[in-house]
Amino acid sequence: MHILAAQTGTIDDGTEAIDLAQAPAEIVVLSAADSELAALARAHDGLGGDAPSLRVANLMQLGHNYSVDLYIERTLAHARLVVLRLLGGAAYWPYGLEQVEAVARERGIMLAVLPGDAQPDEALTARSTMAVEDAETLRRYLVEGGPENIANALRFCAHRLGRAEAPAAPAPLARAGVYWPGEGAVTLDTVTAHRKADAPVAAIAFYRALIEGGNTAPVDALVEALAREGMAALPVFVSSLKEEAAHDVLADAFAAARPSVVLNATGFAIASTSGARDPFAALDCPVLQVVFSGSSREGWRENVQGLSARDLAMNVVLPELDGRVLARAVSFKSSAERHEGTQCHIVTYAPEPDRIAFTARLAANWARLRETPEAERRIGIVLANYPNKDGRIGNGVGYDTPESTVALLRALKADGYEVGEIPADGTALMAWLIEGQTNAPSPSHRLAATGPSLPLDTYRAHFAQLPAKVREEVTARWGAPEDDPFVSGDAFRLPVRLIGNVAVAIQPARGYNIDPAETYHDPALVPPHGYLAFHVWLREVFGAQAVLHNGKHGNLEWLPGKALALTQECYPEATLGPLPNIYPFIVNDPGEGTQAKRRTGAVIVDHLTPPLTRAESYGPMRDLEALIDEYYLASGLDPKRRDFLAREILALTRESGLDKDAGIAETADELAALQALDAYICELKEAQIRDGLHILGQAPEGRLETDLLVALTRVPRGEDEGADRSLVRALAADLGLAGFDPLDCAMAARWTGATPEALAGIDPGPWRTAGDTVERLEILAAALVSGEMACDPAWEATRAVLDGIAAAVRPALRLGAHKEIVNSLRALSGRFVEPGPSGAPTRGRLDVLPTGRNFYSIDNRTLPTPAAWTLGQASADRLVERHLQDHGRWPRAMALTAWGTSNMRTGGDDIAQALALIGAKPKWDTRSWRVTGFEIVPLAKLGRPRVDVTLRISGFFRDAFPAQIDLFDSAVRAIARLEEDEADNPIAARMAREQDTLEASGVERQEAERRAGFRVFGSKPGAYGAGLQALIDERLWDERGDLAESFIGWGGYAYGSGSAGEARHEDFTRRLGQVEAVVHNQDNREHDLLDSDDYYQFEGGMTAAVEQVSGARPAVYHNDHSRPERPVVRTLEEEIGRVVRSRVVNPKWIAGVMRHGYKGAFEIAATVDYMFAFAATTGAVKPHHFELAYEAYLADEAVRDFIEAHNPDALAEIAARFEEAIQRGLWQPRSNSAQDVLRAARGPANKGETVE
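Numbering (UniProt numbering), first residue to last: 1 to 1252.
These are calculated hints, taken from the structure and not from any lab test. Worth double-checking, as some hints may not be accurate.
Said to hold, decoys possible - If you anchor each label on the Cβ, the simulated ranges turn out as follows:
{"no.": "1", "residue 1": "Asp744", "residue 2": "Glu376", "range": "54 to 62 Å"}
{"no.": "2", "residue 1": "Asp720", "residue 2": "Ala1195", "range": "40 to 48 Å"}
{"no.": "3", "residue 1": "Pro172", "residue 2": "Leu815", "range": "19 to 27 Å"}
{"no.": "4", "residue 1": "Glu670", "residue 2": "Asp996", "range": "22 to 30 Å"}
{"no.": "5", "residue 1": "Ala760", "residue 2": "Arg641", "range": "24 to 32 Å"}
{"no.": "6", "residue 1": "Ala760", "residue 2": "Leu671", "range": "25 to 33 Å"}
{"no.": "7", "residue 1": "Asp720", "residue 2": "Leu671", "range": "23 to 31 Å"}
Quantities reported herein were computed from a predicted structural model and do not represent experimental measurements. Heads up, the beta-carbon is just placed ideally off N, CA and C, and yes, glycines get one too.
All chains should be built: construct the whole structure from the sequences, respecting the hints.
Below, the structure is given as structure tokens:
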């Protein structure tokens, strides 16, 4: 049976239907709380043989629609009274609630629909067939809990069935209290009697229901494990941390015991409840989130995801809103026995001993960190390094990592830490580090005699303590410890230097630089001995009490293993151990920061983006702009001069390759070409670029602050009213530019509007176009923000925005810089770092200010949000229209990259766009705005054919958004069952053909249907990345097909419809072979596609793979979603040209990075690398782009001298990359002297490296 157009669909997560095999009974209770079900079963035993028969079942076992139907048919439909307890409201069990309610009303069954927590829910109660007052009475029995109330709940049901007298009213019980193993609820004096006087205290917060259900074994195990670590436990139970009664009890207990750390085993978030207080706030200590998982131990061990979607939401995502630090899942559900009276397996919580022990050690380490005086604390500061070259130490997006490290060292010294002589600046710090051991690959690699080392015997002793699986995998891949290339003289040479009690280290290489020809193809490469040895030294020899990973991002959080709820065999844990981890991280990257939080227990201290500014005009483009102005001036006065200027402009344009970047066809007539060029230059001037880098603890000043404030307020925020209006829109309105939108206009359009004096006086130049108006508004906005000009009293809209900047935005900007250092020190003192939201501040997210907080991400159950759907749908419409315009036909198949970070930042733009392309729309529960399913959009409403979309998801997207994978997969498969013409529904036609082909090859029908429907592919379970970086960095490719092969090899794992990463490279290859267009969305302009290897690996790798498989280069679209109200579709070639012209060769950007010494030169080298990689994978970087970059970086003597002075290794790397571009036919320099310049640049720091 197919789903009809406009019909809704539910999300299928691939789980199989379950038959609970329960016989009918008079009373049925459904709940997601195992402790409640166990208490009901025990209470029923005590009621005697005359009590009505009872069945209880866990809603988690009724997740599949068929399971619901089966249970209703065999059990529930025969009941006389049904109690349904829904934790999280109707959205958690929409199909089941709908069916149960329908059966109850049809058959006259008494139904009580109750919330699963203590808060009344009128909307749920309204679904009941039982009288409201009776449902409320039942709710109170269950909420108050305890043996007598639970028994009376069953007696009350019997009473309503006419089988018993009315029981006593619900009796309130203690909502919170203190607990001790074997004694139950006790007084604080009892706990104090068990405590050693000098032992640091760890509070354990858990739900009261565990005591009621007899499920305290995990708590008891934690108490015992903490004692072994020298800690005194303070177990406290609560019905909910949100209740005021609980706060009073906890406040008294905490005041008496003064915990140094909290282990929180409750779920959800306090911050999401309006007005609720956090009872842990006054402690100012770390709160470790421990998970009592709702899954079985076996399910956890086998599931590379680690936790179910429900556990992820309740026990990880929501607690992050309160600043919790994820520890481990320490217990799992175990069906100990079948209770015959209720025909239900009674579930207990079974502690996992080694997870309990790890969590106790982690808690003890946080407590010891807190109690150790600053002068005695030993801290490791780790700087990322990839590629593993000496010119590229200190990765950090938009971040001057070396200078920030110096700032941290100074702050530590001022705070009383034992810190030796601090290098003068970031460049000096890097020179000092490079004098020691580094990761630099052979032949420039050397084993330094200076710096710490780790004896092989010491390493072997610690290696022997690792789990057998880890030892076997490391040895199988890397051989014996003494075979490691960083071993010399019976010891590992370590990339670390000591400065007092602080170890400043270069993060060891992951291993792809060792034997790269053999390792590049392995997406789950285990770290080598040298990597493990460094961390053994850091913990066990140096004795670090905490490590600070400085800047986004390192490689530790991306090592193989579970997504979260790690085992001892997962490499992040096997490597780092239970060491407190602090992580300064850019505020606009919630995804990768969240990865560090969930896999390494990191406390994030978020930092500001780099300063942002307008690209403006410069050099040859400024000259061209002047000539264009002169051309239009001559048009009506001097035709001969006009024609001469036109020829000169177009000649200059072609000479510089600007005609290609501006999309001017060779056959374009003169006027059209000039208009296109005019528009292009206007857009380039207004492009947002970075102006330097952020330094931890330093707010931008002067012009940098002004430009950033304008960038932050350029787009509307919130309700787009008052202080939240767009600054430039407010100015346009106040100046009487009626109907003009400076954020969405045709830049080259002739200006026919008003020319107010306030704008005319800003710039004496010509005022011809809308772009000239935008430029004047921007200049005026900056003058007003800086105070250079006063705001006219009549400009009320502008005044409101300026007042908002003065009162809130500027103070938050400055306060954040202060908090970045202060909260880094707080974290290193074992104190609490307050939580805060994350996102791109220039995309209207000023709530991320002030920085310096432990950022959190979005509730994954709400993706895609309604706002993301609006943007995604608009972007999809513009995308298919652009393809139709460019190619003369509707697109039939597209491949889209979906990154976890981007979707966290935007609320799911990519998934929304993918759904819109196939012709589906999310459905939301309008109370919680959680996604509950999808709706298929009829063709008549869609107005175009559906597009067959294949998603290549990132590893973090896989980890963070399993429900969104299932949502898209379910929608695709529902659409494939529609009876529509092939021209309108290529998804259905293609799946039908492929299913037939697979069946013909011997694949069973159901399996063939499943495989034909795969549309979501990603990395191998437990692995991350796209597989191109090692090939590019190590020059391990001969032709583009090699890059394509690696992309397919790393990404050919299918997800959805019960597949959690099956190796389906053949299916992935088939998908790619049908793709007509590759799509990548960029959601903010705080960075660009030449800032990160991720863009060329995913977007470039996908393009290369499609070209290799299909034999034709696909269209490639790089869409700009930075202004949600106005998505822009560009081709990759257009975007590359735009970025090269506006940022890469812009003297303003170059001057900005030149303020940052070593890291500034690093940024230039990285840019050249990414240009080269895009040229290699897609050909979108053209020879004239290389020419422009060469002229800007190496032919310019001042820039070249700067790079050589501050980072000579980077100069050699830049020259080597340009030479490789020449040798691979990607560029031929115009200057005869270029080869000499390149050779000279490679000379001083070359260290023998050769280009093959």
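Item to check | Pro172 paired with Leu815, Cβ distance criterion 19 to 27 Å | outcome: With a Cβ separation near 44 Å, Pro172 and Leu815 fall outside 19 to 27 Å, so the hint is violated.
Checklist entry - Holds or violated: 23 to 31 Å for the Cβ distance of Asp720 and Leu671? => result 38 Å, violated
Item to check | Pairwise beta carbon distance, Asp744 to Glu376, judged against the given window 54 to 62 Å | outcome: 59 Å, holds
Checklist entry - Is 25 to 33 Å a correct range for the gap between the Cβ atoms of Ala760 and Leu671? => result 27 Å, holds
Next on the checklist: Taking the Cβ atom of Glu670 and the Cβ atom of Asp996, is their distance within the range 22 to 30 Å?
Outcome noted: 55 Å, violated
Checklist entry - Is 40 to 48 Å right for how far apart the beta carbons of Asp720 and Ala1195 are? => result 47 Å, holds
Item to check | Consistency of beta-carbon spacing, Arg641 to Ala760, with hint 24 to 32 Å | outcome: For Ala760 and Arg641 the Cβ distance comes to about 26 Å; the hint holds.
Hints 3, 4, 7 from the list above are not met by this structure, while the remaining hints are.
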